[in-house]
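Novice: Keeping their order, the protein sequence lines are chains B and Y. Residue numbering for the first sequence follows this note's numbering, starting at 1 and increasing by one per position. Residue numbering for the second sequence follows this note's numbering, starting at 1 and increasing by one per position.
Keep in mind the hints are simulated off the structure, nothing from the lab. Treat the hints with care, since some could be wrong.
Intra- or inter-copy, both count: the list cannot distinguish identical chains.
[Stated by the list, open to error] Result set (DSBU-like, lysine-lysine): computed pairs, CA atoms no more than 30 Å apart in a straight line:
(1) K68 to K22
(2) K113 to K7
(3) K103 to K39
2 protein chains.
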Amino acid sequence: MNFTNIKFDANGLIPAIIQDVKSNTVLMLAYMNEQALHKTVETGLTWFYSRSRQALWHKGETSGNVQKVIDIYYDCDADSLLVKVEQTGAACHEGTFSCFSRKLGQTDSQGEKLFAPEEVYGQS
Amino acid sequence: MNFTNIKFDANGLIPAIIQDVKSNTVLMLAYMNEQALHKTVETGLTWFYSRSRQALWHKGETSGNVQKVIDIYYDCDADSLLVKVEQTGAACHEGTFSCFSRKLGQTDSQGEKLFAPEEVYGQS
């Protein structure tokens, strides 16, 4: 697929908003580089670039909570992506469906835990 | 409001996903600095920081298409925001409700124009 019009930033990254296609819940925001976007399109599952680990990662690789890609949109400036997915299980490593589980000014998560992170990722 | 736990990036910015609270449509992604976030909370309307113009901007200042803030969430890494709003008119400067009107690999906007940009912003 041709996406030469997509604008990656100075670090070669573009922010990708991930939205659950059934509930329209915004699940997470992560970054893709060109390779991650290619792998996402090729495999039909989401791949991202981790800025902290400086490596590609396949969402759900450890947890099994993969995201099946239904549609990918880009915005009027071509510098951000909206990826509509079917979410298996829960998107957040904390066990909640969405990573956006806290209101500004509060620290408690309001999300229901759909899995126990320590059972999926192990004790750290 | 205290948001000392929110992580702004090396440029002092945080990406903010704007979602229409009624339809759950993802409208746009823009960036806030700490001042823009303060003004958003204080006024109940969205303010952003323009990276190209290096200035604060109040969404809807020219077009009248303001966004009334209903809720602000932050994610598990505290480095992105999800702002749920009531959108007046249309979010996109192209006249469409959402800025995400194009599918990856295509260049045509699929969004219905809710206003004529040249009438709102003038001829450039």
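Novice: Look at each hint and say if it fits the structure.
Specialist: A quick look at each hint next to the structure:
For the homomeric pair K68 and K22, the shortest alpha-carbon distances inside one copy (12 Å) and between copies (25 Å) are both at most 30 Å. Taking the closest pair of Cα atoms, K113 and K7 come within 30 Å of each other only across two copies (24 Å); inside a single copy the shortest separation is 36 Å, beyond that limit. In this assembly of identical chains, the alpha carbons of K103 and K39 lie at most 30 Å apart only when taken from different copies (17 Å versus 33 Å within one copy).
In the structure shown, no violation is registered for any of the earlier numbered hints.
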